[in-house]
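Chemist: Order-wise, the sequence lines are chains A and D. Residue 216 in our numbering sits at position 216 of the first sequence, with consecutive numbering throughout. Residue 85 in our numbering sits at position 85 of the second sequence, with consecutive numbering throughout.
Please note that a few of the clues may not be correct.
As the list claims (entries may be wrong) - Distance condition first, Cα-Cα at most 25 Å in a straight line; then the derived DMTMM-like pairs of lysine to aspartate or glutamate:
#, chain 1, residue 1, chain 2, residue 2
1, D, LYS29, A, GLU293
2, D, LYS23, A, GLU135
3, D, LYS23, A, ASP131
4, D, LYS29, A, ASP23
Keep in mind the hints are simulated off the structure, nothing from the lab.
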Amino acid sequence: MKVNIAGAATTKFGELWRRSPRDLIKEAASNALEQAKIKPSRVEAVFVGNMLSSALGNQDHLGAFFAEELGMPVAAMKIEGACASGGLAIHAGVMAIQSGLYETVLVLGVEKMTDHSPEEVAQMLMGAGTDAEREAGATFPGLYAIMARCHMQKYGTTEEEMAQVAVKNHYHASLNSHAQFVFPVTLEKVMKSPKVADPLKLLDCSPITDGAAAVILTKIKNNEVNIIASAVATDTLGLSEREDLTGLKAVRVASQKAYQMAGISPKEIDVAEVHDCFTIAEIMAMEDLGFFEKGKAARAITSGKTKLGGSGPIINTSGGLKACGHPVGATGVKQIVEIYNQLKGIAGRKQVEGAKIGLTHNVGGSGATAVVHILKKG
Amino acid sequence: MISPVKIWRNQKRIRQLLGLKGKIVSFTKIFVPPAGFEAQAPYIVALVKLANGQNFTAQLVDWEDKHLQIGQKVKTVLRKTRDPGEEGIIPYGVKFRRI
């Protein structure tokens, strides 16, 4: 398959108290349209990735809400899959083009989270979990901490190795003016940060973020960057029902489907944006995506293989969820924007030289939804 | 949102989950709780393999740091789970206690 990306943009990510979801979407969509040199009237459908507009913003009906704002009275709908909402919205856009129903569509991702207290946001995010997990007072850091402890027990992964993921991603974010945290952190600072859900500390966790991203997908050939695989897999909603707690089966299934669809192997990926909602999540992603053998990713990350200038694949040049920020519904769309920029060679100081094939990995909840896209330079 | 109807419907399932024995597979100590659990933090959430082969995730009660071990034997008990909030109905649910 081949779906062209005509334009892609994100807003600045961060605590954007002066800005509304309408502002954010308007900026991201306008910039993507300008880049694509496509008139707004060419857009035939709008897909909005978002999780919490109802719980935090009292706003449902997001398709119509943003279609009105953008002056696009076309087919418009919200796609929701917890933190994978953005990736699923891209998948929906790809399906819309592949079906032949539409020639050009706009995919949006947006989340406005920082207007609320961390306790409120933590409670609303647990909407992605199970009844039992909510009754236990579990949080997403807590669920990933449970997986981290299993990974530590089975493979000897250490807290320092997890902290190295944060150090690397903050370094990348320090080169990205759109990131929430445009500064590096030291290993010591990560290790000494307060505990959130033991063994995960504050600097092992992605932050609460506002932001939006927009991507224009089209059937019209432009020889720039193409999506050559779009795969989704689903696992049990909660952790209790899983066979293995040291990785995410949905990621293994979705990535295998994607590699098969694209006709490539994991070794051919030059650059990837992965779902590092917590540092342990990036370690598990490296293994589940087939970049490193099970139990060996933590050491590979520590040795600098996945950092800019390393032997590759280079992971999370945007700073990832950890340091670029994680506006949940926008994340999956932002990942596509970053890989698009990398393959187009316009990623600036964080450019991976000669990058030709890139991958995005977006996860919902504690791993119930996994979305993998593979992009190739035209 | 919690509604009294939901509490009534869900509590019917609890009885089948009481008095079951199991072992801790993994656990975490939650320092930053969600709304409704602020008064309990820090608390332990454990994933336990029950003797019937099923896994279950719930809080561990009456713990000291020395009990926080993978393999620790526990059993399920009935406890209040969170602050009742405006509805005023106290939600009860399953927690683990060490044996």
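Chemist: For each hint, tell me whether it holds in the structure or not.
Modeler: Consistency of the hints with the structure:
{"no.": "1", "hint": "D:LYS29 x A:GLU293", "verdict": "violated, 29 Å"}
{"no.": "2", "hint": "D:LYS23 x A:GLU135", "verdict": "holds, 20 Å"}
{"no.": "3", "hint": "D:LYS23 x A:ASP131", "verdict": "holds, 21 Å"}
{"no.": "4", "hint": "D:LYS29 x A:ASP23", "verdict": "violated, 39 Å"}
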